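**Student:** Each chain is listed here by its residues.
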Amino acid sequence: MPMKLLKTETENQLVVERILHARRYSLTLDRTLCTGCGICKEICPREAIEVKTVPKVEGDKARPPTIDVSEEKCHYCGICESICPFGALKVTVDGEHVIPVIKSESFPQLIREIEVDITKCDVDCVDCEEACPLNLITVTVQTPDGKEVKDVKSRPDKEKLKVNVEIKKDLCPCCRLCEVKCPEGAIRVRKIFHGIIRIDREKCPEDCQDCLDVCPIPGALYLSEEDGKVHVNELFCVYCGVCKVVCPVEEALELQRTHIRHTPVRSGAWNKALEKLTSTEEMAKELRTKGSAKKLESVKKRVAWSE
Amino acid sequence: MSKELRIGVFICHCGLNIAGVIDMGELVEYARTLPDVVYVKDNRYTCADPGQDEIRKGIKEYNLNRIIVAACSPRMHEPTFRRCVSEAGLNPYIFEMANIREFSSWCHPSTPKEATEKAKEIIKMAVAKARLLQSLDILEVPVTNKAMVLGGGIAGINTALDLAGMGFKVYLIERGESIGGHMAQLDKTFPTLDCSICIEGPKMVDVSRHPNIEIISYADLLSVEGYVGNFKVKVRKNSRYVIAENCTGCGECRDVCPIEYPNEWDENMGVRKAISVPFDQAVPLVYTVNMDHCIECYKCIDACGARQAINFDQKPEEIELEVGTIVVSTGFDIYRPYDNSLYGYGRYDNVITALEFERLILAAGPTGGKVIRASDGQKPHTVAFIQCVGSRDVNKYPYCTGFCCMYALKNAILLKEKYKDDVEVYIIYMDMRAHFKGYEEFYQRARELGINFIRGRAMHILEDPKTKNLTIRTEDMTLGEPIEVGAELVVLSTAAIPSKGTDEMARILSLTRGADGFFMESHPKLKPLDTPVDGIYLAGCCQGAKDIPYSVSQGSGAAARAATVLSQKKWKIEPIIAVVDPDKCKNTRVKCGICEKRCPYGAIKAPEGEPARVTIAMCHGCGTCVADCPSDAITQLHFTDAQILSQIRSALEENPEEKILAFLCNWCSYAGADLAGTSRFEYPPTIRAIRVMCSGRVDKDFVLEAFRLGAGMVLVAACHLPYDCHYISGNVWMKKRTDALTMVLGKLGLSPERFRVEYISAAEGVKFAGLVEEMTEQMKTLGKEKIQAENEKLQPTLERMLSRKKK
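Line order of the protein sequences matches chains S and C.
Numbering of the first sequence is given in the working numbering, commencing with residue -6 and proceeding in unit increments.
Numbering of the second sequence is given in the working numbering, commencing with residue 2 and proceeding in unit increments.
No lab work stands behind these hints: they were computed from the structure.
Incorrect hints may appear among the rest.
[Said to hold, decoys possible] Taking lysine-lysine pairs in the DSS-like style, the calculated list, with each CA pair at most 27 Å apart, reads:
(1) K573(C) to K(-3)(S)
(2) K147(C) to K467(C)
(3) K0(S) to K467(C)
(4) K278(S) to K45(S)
(5) K526(C) to K573(C)
(6) K316(C) to K66(S)
[Claimed, not checked] Computed footprint of chain C on chain S; a stretch qualifies when at least three of its residues, placed anywhere within it, have a C-beta under 8 Å from a C-beta of chain C:
(7) 6 to 14
(8) 96 to 109
(9) 178 to 190
Everything numeric in this text was worked out from a predicted model, so none of it was measured.
Cβ atoms here follow ideal geometry from the backbone N, Cα and C, with glycine treated the same way.
I would like the entire structure built from these sequences, with the hints used as guidance.
**Tutor:** Written out as structure tokens, the structure reads:
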């Protein structure tokens, strides 16, 4: 059979496929998870991803941009899946979930450091579950012999019950809302992306809160009662950058990522991605710490950059 | 050579072939009266040794400096007599032939008086031309004794090996990453069923090991300049990002590479890595990074380690080569019938091409040799082969691809032998063409294995959307009714088409392509390996689809043709070429360049602001540029305007209105007229023919001059349009020119039948005789008075139009 390149789009899903006689590849974008931030687009080596802003309807809230993937260009390397902080993308080869670049250690995995000390948990408390803006946390309570307890309040043996906090880590952008909301200080979250986000008061237009409308993390951006403009609370910001995508005024919102927590790799592809997502300096730092002198040189030549 | 003209005329009896019709005594007497003729001698057989001795003796005794032999056609004995006069110390180009046998005695046997008169005028015309003949030097160019072969398929491999075996240095240029061509993609080969790569692989290795062969793979041809013996070729070696000398071909880089992309070598049915070789037996065994897919993770660099074979900074490299000959063996592509909606290729999962089938059944293929369906991965229980998909189709490719019958038989037999009774095989065909050694026996073997042959043209394929099984609607000619055949897998035997880039290659090499898009050979039978460009030869499927034994033979044949040049120190070129007078060329003042457009060989170039220049070794001497030069700045040696005009004038000296003045091209029409003579077709003795190398040489001034002198009729005869011209396109330009001229003459009041353009092949003697008869009849019907009256009316305009010729 000659090669087929297909794209199927439904309301909640975009699937691109490359079907060969002896092998089939697919990339699925879960639109219910995707925030349209476009980090994947930034580093796609084939420039197969496009971020499409959705035109605003007068009087309505701004809607997050949509991601489109070209079935002609995608070569199913899995870089987008590896970088997506919301876990919205998934590559399969012959029906099995595989990330080729992870398998070959050509790309790092994001480190999502979320620790829950369940010994501190109050059996009555579901604050973290409620706090999670992406509904990734499920708190369950169990009896010592492992049976799930539904009606905690009516149980007399509260001190014997065990709390279990289940978090869908793969989909978590590490916003720290749960950590902050936890009354017992039982959760510790370290962010994946670190950085700085600034809104220029002068340039930020009045009566616009598009960034706020599309931000996936409540509280990371908020409308100030003082000046009626949007302000940032960096405590919660995950530096996904969707705010910058929708901001209508150039340079009104500046986003600078400074660090990405990831598993260690030696990979030129990652160095390139790192440079695009953070800065040349950050990449150089990474290269120096790994002592990859030869690659540093090669990269220097290719990107025409010198220290 | 002394300035005084001393012409010797040798008149041949040719036994009774000439003397039996023509009064030789009268002819000899007449010849003596012609200007500057100092010696006339008749012989029984001039071409025999005693006859040639007479010529040599005459030259010595009478100090002759122009020689005319009145005998048979120059197409017969011109080379003989040129050699003869050159042995006597004269330049061979001061010799001229008067064709009084084919053009007179043989075609007018029942009117000996008229035949004699015609013979006299033929000799008179020859003398007129001979008075203006010049000595010409045969040109010699040095030969670089290296060859270039373009395309490393099985034809190119054989050419390279044969030439290298003869001791010549060969550059084998391959566009792809490996040599091998289509043959390396195939599973087994017919009719012996030996494994394709098992027999080709060792040859590929031989090529890589041969000290005289340099493989330049993954390279593009950029330009070719020069001419036979002296081609300058520019080639770009594309970046593999792998240093060939350091790569050991171990494949460790491939193993760590994360990126897979569809492998074209596998017809995109399987995949390869972003750093890989297209197939394991690749020659040269050097890995290539596909930068379109590489994500530059540099895992390969780590894997390669101390070998340091990978270099991401590698740049494409342009190299210049000098070679004496070029063999083109650029192969073919397989037609992918996406545009045939009736067969559903590309739409139905289980409809594949035969080349895809090859990759399926091949043990080293993407499925490990398992014939499985794309829809469900299951082995099909019924397989149908449909023949002539694209081929023999007037709406697509009218030609027969030639090898599809055989490969369908081969694939059917392989299936039957592999799966025995577990598979039912159908072949739906129009005609089964099994016409070479061992092929018919192979067909019988297929029949004995129980393969079902259905004669008919498949009309339509339908797919069951659930099972993805297929139904073929076809006719069965033996039953004489439409039938339906169910199949779980359908294999389409698709046409071979010119390979991608053939047009570009044709442009770079100045080659012509036929209506089918394949390269045109010089002559379909007698020069099947030559191209119109001297020193460039063809081998294999780039000239037309052919199977492996035929391609191999052509490869060796082309090597032999190339060696005829390479083995020489110098290459001789006939001096009948175009010469530009730089003072007359108006390209220095205004942008002209007409000559450059006319030349099918790229031999004449008119750079802006400079006079046109002819590359002598590339000029084939058709004279088309000469005829179309608006300022008469170009001369064709041996066929100068003055020489041809003198022939016209002497032909029309007496009773012009009773004569047909004809310009015949040497290769077709003159040969056709010769054939009329040798076939003894009798026609009226009204025609006076002037030989030109190509009809493209016929200047419109020649026609005007003939009418100015009062010619009854004028005929221009050429090779058939569009492809018969010996000089590729001379007849096309002649037609453009004469179409315009016909209009002008019509407006001036010339009866349309008096100026005729015809196309006569070398085989159409009967057409030529019929034409002369018809024109003579028309001339009679018009009547001498009407012709004279028309001429009188035309005269002043023609005088004016020709005034610049007169100086």
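**Student:** Next, verify each hint and record whether it holds.
**Tutor:** Cross-check of the supplied hints:
The straight-line distance between the Cα atoms of K573(C) and K(-3)(S) is roughly 57 Å, outside the 27 Å bound, and the hint therefore fails. For the proposed pair K147(C) and K467(C), the alpha carbon gap of about 61 Å is over 27 Å, so the pair is violated. Restraint check for K0(S) and K467(C): the C-alpha separation of about 21 Å stays at or below 27 Å, so the hint holds. Our distance criterion of 27 Å between C-alpha atoms is broken by K278(S) and K45(S), whose separation comes to about 33 Å.
About 24 Å separates the Cα atoms of K526(C) and K573(C), which keeps this hinted pair within 27 Å; it holds. Between K316(C) and K66(S), the direct Cα distance comes to roughly 25 Å. Compliance with the 27 Å bound is thereby established for this hinted pair. Evaluation of the coverage hint for the segment 6 to 14 of chain S: fulfilled, as 4 residues show C-beta separations to chain C shorter than 8 Å, against a requirement of three. Remark: the segment 96 to 109 of chain S is confirmed as covered by chain C, as 5 of its residues place a Cβ nearer than 8 Å to a Cβ of that chain, reaching the required three.
Given as covered by chain C, the segment 178 to 190 of chain S fails the check, having 0 residues with a CB less than 8 Å from a CB of that chain where 3 are the minimum.
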